[in-house]
Every structure is written in C-alpha cells, then in structure tokens.
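Colleague: Below are the chains, spelled out letter by letter.
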Amino acid sequence: MKDDRRSETIRYVTGALVSGVLTLLAFWVVMGPDLARPVRLWVLAGLGLAQIVVQLRCFLHIGWHSRREDLQLILFSLVLLGLMIGGTIWIMGSLAVRMH
Amino acid sequence: MTDPIFGRLDGSVTPFDDLFRNPSVNEAVASGAALAVILGVVAVVWMLTRHRLWAPLWRDWLTSADHKKIGIMYCVLAGVMLVRGVLEGVVMRTHQVTALDGGMLSADHFAQLFSTHGTIMIFFVATPLITGLINFAVPLQIGARDMAFPVLNQVSLGLTAAGAGLVMVSLVVGQFGTGGWTMYPPYTGATFSPGPGVDYWLWAIGISGIGSTLSGLNFAVTIYKMRCPGMTWLRMPMFTWTALCTAIMMVYAFPPLTVATAMLALDRYLDFHFFTNDLGGNMMHYANVFWMFGHPEVYIVVLPAYGVFSEISATFAAKRLYGYNSLVIATMAIAVISFCVWLHHFFTMGQGAPVNAAFGIATMIIAVPTGVKVYDWLATLYEGRIRMSVPIIYLAGFFILFVFGGLTGVILANPTIDYQVHNSQFLVAHFHNVLIRGTLFGIFAGIHYWFPKAFGFRLDETLARRAAWLWFAGFCLAFLPLYWLGLMGMPRRSASYDNPAFEPAMWLAFAGGLLVLAALATTVWTFVASIRNRAALACPVGDPWDGRTLEWSVPCPAPAFNFFATPSVRALDPLTIEKAEGTPYEEADGYEDIEMPRNTALGMILAVATGVMGFALVWWVWWLAALALVAVIGAVIARAFVEDTHQRIPADELRQAHLAFLRRVRQTRAVDRDDETGPANKGLARPEVPA
Amino acid sequence: MSGTAHPGLNLGAAHGKARDRSEKGAFGFWVFLMSDLIIFGILFATYIVMLPARAGGPGPETLFDLSSIGAQTALLLASSFTYGMASLSMKHGGRRAPVALWLALTGVLGAGFITLEMRDFIHMAGEGGVPSRSGWLSALWALVGLHGLHVAAGLLWIAVMLALLALRGLNDAVKSRLLLLGLYWHFLDLAWIGIFTIVFLGGMA
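Residue numbers (the numbering used here), protein chains in the order written: chain A, 130 to 229; chain B, 241 to 931; chain C, -10 to 194.
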C-alpha cells in the first residue's frame, strides 16, 4: 500500500514536471529563437501532442495494459475526430482556393 | 426595444389574430392547426381529470425510471408528432395540386410547413421512435434489469419532450422558421429571418439533441457493461448490435449538431459572425458542420430498423438468421463509413472535383454493406416456413421500395448526376423512399412485434394488416411520381410552379397522400380496437411469435424487474435452443435480492425547466430564461444529495412470482404457428422446427 | 474487460455492487468526455477555417498577451497536479481532511485561471477584439469561452463535492463522483493544451 502510494505520487510528479518542461519549450519556440513560421508550427504541434500523451499516461492513467476499453474508446474517438477536422480543413480549404 | 417583462411577446403573436384581421384560406389553415393543438391539450386534460388519472400518470409513468415505460413514452410522444407530420405532408400535397400559378397557401406558410414537417419527422418522430424501441427492447434482449443509468434515461426523455413541446407551441404562439429542416444561414441569420421562427427550431433541436446524445451514451454503456453471463459479443441479438452501433453514432454525431445550432444561435443572439454575409462569416461552414451530424443521423435512425428486420425475418421464417457475422460486420462498417460521406449533401457548394470524387466514392461504398444485409434477410427467408404476418408485410414492402431508394441513392452519389438533380423532387423521392421504408416500416414492424411484450396483448391482426397495405400503397403513390417530377426539373420546396406538365404527377402524389392519411387513421383505429378487445388478444405467457431471444422468455407484459432470475446464455437464439431441448420455463437454481431504481421527478423537472428556458429565449424574456437555467442547475445539484435512490426486492418475492408464472405456463395450451394470429394464442408457442 | 479499478478508487471485492456501479459510471463518463471532445474538435476546426476571416479587425499581435497565457497554463497544470494529489489521498489515506484540502486548492488554482482569462477577455474587448468584429474573433471567443465555461462548471462541481464531503464524508458515492470529477478536470487540461498550442502560440508563431 505504502509503495503504491509512493510510485503513484512519483507518476503525478513526473507528469507535472514533463508537462511543465514541454510547455516551457513550446513558449520558448515562439518567443525565443528566430525560426521560420512553418518550422515553429510543426515543433509546436509535436510538443502539444507529446504533452497530451504524457498527461493521458500520467494523470488519466491510460496505458496499453490496463483498462483496454478506455484506450479503445479514445483511439476510436481520435479516428472520428481526425475525419471531422481533416475533412473540414480539406473541404473548406478547397472551397476557399476556388473562391479566390 | 423589447419589453423587460414580456420580451417580444405581445397580443398579436397567435394566428387567430391574423385570421381576424385578414380572413383567407391560408389563415384558416394556420388557425385550424393552432386550434387543433389547443383542443387536443384541453381534451387530454379533461380526460385525465374525468377518469382521475393524474396521480397514476405521475406515479406509474412520468416519474418512473423503468426503461420499458420510458421506451413506451418515447413511442407515444413520437406517435403524436407523427400525426402532425403526416397531416402537414397531406396539407402540402393539397397545396401543391393547386399550386399551378398560385396555390391555396401563402409561400411563407408553405415554407413553414416543409420546415416543421422535416424537423418533426427527423427529430421528433424517427429519432424518438428508434430511441423508444431500443429503450424497450435492448435490456430485455441482453438479460439486464434496466439501463446503465436509469435516471439519465428519464432525463433524456424529458429533454426530447421539451424540444417537441417547443415545436408544438410554435403552432399557437408565433411562427416556425421557414428555412427548411436544415435551416441554412445566411437566410436563417438575424438579418433575413429576424422573427422567432428560427429560434424555435434552434432551441427545440438544441435541447432535444443533448437528450439524444445522453441516450446514446446510456445505450452504449448498457450494452457494454450489462450483458448477462454468457452473452458474449457474438451472442448478442442482431437488434442489440444495431442498437450499439446507433448508440455509438449518437454519441459522436450529435455534438456537431449541438455546435452548429450553438454557432447559429450566437450569430442570431450575440451578433457573432460565423455564418453571416459580412465581416468574415462563412455560411458554407454551416452546411459542413450540419451534415457531419446529418448524414450519420440517417443511419442512426435506419440501423435499428435493420435490426428489427433481422429479428422478424428469423422469427417469422422460423429459421436461424442467415449470415449473422456478416450482418455484424456490415452494421459496423455502415456506422464507420457513414462518418466519411457527409459532403454528398452539398456536392454543388463549389469545392474542387477531387473532394467531390472522394466523397462520392465513399458514398457508393456504403451501398455494399447495405446490399449484404438485404441479401442476408432474403437468404434468411429462403426455404423458411414464412408466416405472412404484419411484420413480414412491412419487410416485403421494405425489400421492394427500399431497394428503389437505395439505388437512386447510388445514382445521386455520383457528383456529375447530382449536379443535375440536386434540390429537385428526385431527391425528395429518394430520401422518403429510404427513410420511410427503412426507418418507419422497420419501426412499425417492431412495434407490432414487441407490442404484446409491452402491454400483454397482441394488436388486431386484420386491422394492422390493412394499415400495412395502406401505408405501402400510399407511399408508393405519394413518392414514386416525384422521381418523375424531379427528372422533369421540378425543384423541391416549390410553393408554386408554372409548368402545367407537372400537374398529373402532382395529382397522383396527392392521391397517395390521401391513402397515407387513410393508413394513419387505420393505424390509430388498430390501437383503439385492440385495446377494446384486449381480453381476447391477451398472451400472458409471453411468447406469442415463437421468439428466439431472451425477451420472449418472460411474461407479457414484462415485469418491472424484467427477469425473475438473471439468465445465462450459451449461444445465439437462447430461447429457441431451450425450447428445442424442452427446458424453457424451469425454476431457477437460485434467486437473489435485487435493487431497482426508485421513482424520481428529475426528468419532469428538467423537461419543464428546459422547455420554459427555450420558450423564454425564443421570445427574449431574459429573466425567465435565467430563472429556468438556475432551476436546471439547481435540480441537477440537488439530485447529487439524494441518497435513497434504490429499492430492494427480496429474493423470495422474485421466487414466488416466478413460481406463479410457471404454474400459469403449465395451465396454458400451446398453439401451432398456424393459429398464432387467432384468439387461441395465449403466448405459449409449440415450436415448429427443431433447431 | 480489465479488473483494475480506476486510480483513486478504493473499493475492494467486498463492495461488489458499489464497484460495479462505479465501473459503469467511469466508463459512461469517458464516453461523455469523448462526445465533449468532438464538440471541442469541431470548434477547433471552425477556428482553423476562420483564421483568414479577419475582416480588417485586430489580429493576434494586438490582442494576445503570451505572458498571461503562460500564467494561465501554469495555473491549470498545477491544478491538475493538485487534483492528482486529492485522488491519491482519497485512495490511500481515506481521511476527508486532506482530500478536501487538495480539492479546495485545486478550486483556488482554477479560480485563478478563470480570473486571468476574464482579464484577457476584457483586455481584448478594450482593443476592439469583440466577437462581433470578425469571423475569426467569433471563433476565438467561442472556443476559448467554451473552455472557460467548462472550467467554471468544474469549479461549481468542486464546490458541490466539498459540500458532500463535509456532509457525508468519504462514502462510496462521493468517491465515485470524485473519480469522475478527476477525469473531467484532467480532460480540461488536455483541451487547454490544444488551445494554447493552436490558438495562442500558433497565432503568434
């Protein structure tokens, strides 16, 4: 019981620290070095995704081994979300290009 | 400026006022409809008071958390709305036969009619009917005692009822929107539709849409978590499978609708610029978001009907369902692909050819799993001993007409052809063919099939058969001519036209409308006559159709706790196997104490509060809207402090009830399938084919 | 179907019924969150579609204050961590005082977030960045505002849970609800990661 508590506390601390570092990096990329806009955007996207994964893992306790159905649910949701957001950008982008 | 107390409500908002100032056929129709609503409410109130039914209504129905009662209430609500929707359809047909260079109604009134007709049929007939059927049947089919969240279930019903109520109120107070059931901006923005009509639509759809999302959540968790021992995924009845896919689609498809209505509301109320003509608004994005919901919605309402067809084809052909696994895969395929096709509703918007081609192809692909299903049902019937009872008549009608609708759908999926027939009567014919034959026929078949399980007696077979044929004939006549009109170039939603060549087909469709009206009357009469004759139609033992799934193993009507003892399942069609082995109706090994949810008024409180909130927002009565919102939040918080939410039913009570039921079974004479529609059918089946 | 209960949930085999109910509740709440995720997703898509729709109005350069966004991010991340501590003390300690304390701290941090966000909105409106100015601003206010509403609802929920803790102590029902609130609170942090990355940092990149 005691060990559980210790390891779980470490997990939350790790999650918070890694998230904090990723956040700082993201802000630094925008406020710090002189980079081209596309580079900044790609790095930002990578950092954001990484932080989401870290928080899912450390705060929400989603993993490959425990609670499979939650993971399946999240992955399925992400597929549909990707279809909706990707589809929207594709459709509305195509429309915008042809309207000009 | 609006009045601080009454908002924009004043004395001139009812149609009676217009009739008084400007008498015409148009105003007479509007006032007649409003009067019908008022008289209907008065009649119901009077009847309830006279027969002293208020208390039983409140105690046994409105505050009940029993999934079966909630399912029945969904169907009753949808039935009332169906009557209005059909009547509106007939009024529109009547208008259109007179619409050569004019018409009996004003164009604005006609636009309200097609807007309410579409809104009602999709959101307050099709959706609640399938929600009702799923509510009623799924827990029984999977051996559960209730939904995963019984009180949430009641709340969903309340929100749906609040939405339906708003649409009904719009007949009497003010007007409904004129933008069609999809309410495309910018026409429906504040600039071009400043009145309350669009707002009625917004709040009716917004409130009931949240209810549907929560229903989907409830169904999904119920099917995931509450199946009885032994019921693995591939032992679930087909209807439960379709219910699961529909539930998942509701969870993911209703949020886009919520967002679309919320954005339109922000545009209208707070001067946002999502869809306006000026300041960067992009009205095309509305179509995009709306149809992200709209297309899956078609499959949300049609999949459970497929499930009903699967159940009845196996039951009434006395054969195991052909191709169970392929049906499961096809159902899941349809559920996923239906999220990849939404653009085919606006091929003509102006995006590039590759986009159109991709969505066109995806649309055609979805016909493949649907085709698989039709062949599976045909193969189930093949070499079966088919009883031509009412559900099978609906199935036959579905086979013929749905394939029509499906094939024209594949035609429409081709963007180049769609450019020609887009927004024409061809489209109207197509989606009525698909939705009526798919959804409505399936639901009618399902209601006939499960009615005894709900009320303990069968529906009058002769009358129901007449109604089925009338619906079939009426819909043939009402919609097949529209394909022709569409190809001739007649646009949908035409308030009037100047081409006399349209008239003959319009008359045919009008005649179809009258037949549909006769079908509606016959259906209502079927219920009335069956209730009067219920003693002769009773089937208390619970298995009138030689059923195959768990719900037929319990009495009719099903007891509140569904099962005397938790069933356990070894294979598909558990009841058929037990009957073949001669082991149905046996005492259970052990009985357990169970906990059932207590009654609660939460659903009713939320229904009233959200309904009032919607009405107040429509009329800009801000203080009332705020008050209602506080009531909603307060009621939900107060519920968190209620501890005593369940009541215990002791094991012995269950055992005694079960023994009484088994005694009754032994005293009942089993009937052959040939006598199943006769008075001898007391619900004990003599199995026909040893499985 | 895995047997592991959710973190923070300490219902042993002896609590059969309560545990079943809690499992159903947690799964149902995940489904609800996924539905909510779609709502956020579509608002994100709308925001991206509306990016060019400035209509001559003010843009990110004049409206966004990255140091304030950084402070909000820090507050929300810290509140996620303190909620984690509340979960842990519920699971292992079983005494209500530490749980209530961590919960209250989470609420304070959340309230700080809301205060800063309101200040930003007021600042934006002062610069002419009101939602009625352009399609882009409409999308911005709707997306960020929806997240703010979620946080506000979360604060209300925390208050209700504190009341329940005071009245009832750490019983099974309260534990289950605290578990759901935890999922909700962490989910809000996930949505905020999307917002500060795409809207604020993306806008200033």
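The set of hints was computed from the structure by calculation and includes no laboratory data.
The beta-carbon is built from N, C-alpha and C at its ideal position, and this holds for glycine as well.
Don't take each hint at face value.
Stated by the list, open to error - Cut-off 30 Å, straight-line C-alpha distance, at most; resulting in silico cross-link-like pairs (BS3-like, lysine-lysine): (1) B:Lys309 <-> B:Lys465; (2) C:Lys13 <-> B:Lys465; (3) B:Lys309 <-> C:Lys13.
Unchecked claim - A few chain B residues facing chain C, derived, Cβ under 10 Å: (4) Met408; (5) Val412; (6) Lys465; (7) Tyr492; (8) Asp507; (9) Leu519.
What the hints assert, rightly or not - According to the in silico footprint, chain C covers these stretches of chain A (three or more CB under 8 Å from chain C): (10) 149 to 155; (11) 161 to 170.
Colleague: Look at each hint and say if it fits the structure.
Modeller: Status of each hint after checking the structure:
1. Restraint check: the Cα-Cα separation between Lys309 of chain B and Lys465 of chain B comes to about 22 Å, which is no more than 30 Å; the hinted pair holds.
2. Of the supplied pair hints, the one linking Lys13 of chain C and Lys465 of chain B holds, its CA atoms being roughly 7 Å apart against a limit of 30 Å.
3. Only pairs whose Cα atoms come within 30 Å are accepted, and Lys309 of chain B paired with Lys13 of chain C is accepted, the gap being roughly 22 Å.
4. At its closest, the beta carbon of Met408 of chain B sits 28 Å from a beta carbon of chain C; the interface hint therefore is violated under the 10 Å criterion.
5. For Val412 of chain B, the interface hint is violated, since its Cβ never comes within 10 Å of a Cβ in chain C; the closest pair sits about 33 Å apart.
6. Taken as an interface hint, Lys465 of chain B checks out: its beta carbon lies about 5 Å from the nearest beta carbon of chain C, inside 10 Å.
7. Because the beta carbon of Tyr492 of chain B sits about 6 Å from the nearest beta carbon in chain C, less than 10 Å, this interface hint is met.
8. With a cut of 10 Å, the hint placing Asp507 of chain B at the interface with chain C holds, because the nearest CB-to-CB distance is about 8 Å.
9. Interface hint status for Leu519 of chain B: upheld, as the beta-carbon distance to the closest one in chain C is roughly 4 Å, under 10 Å.
10. Under a criterion of three residues with beta carbons nearer than 8 Å to beta carbons of chain C, the stated coverage of the region 149 to 155 of chain A is upheld, 3 such residues being counted.
11. Coverage of the region 161 to 170 of chain A by chain C holds in this model, with 3 residues showing a Cβ closer than 8 Å to a Cβ of that chain against a need of three.
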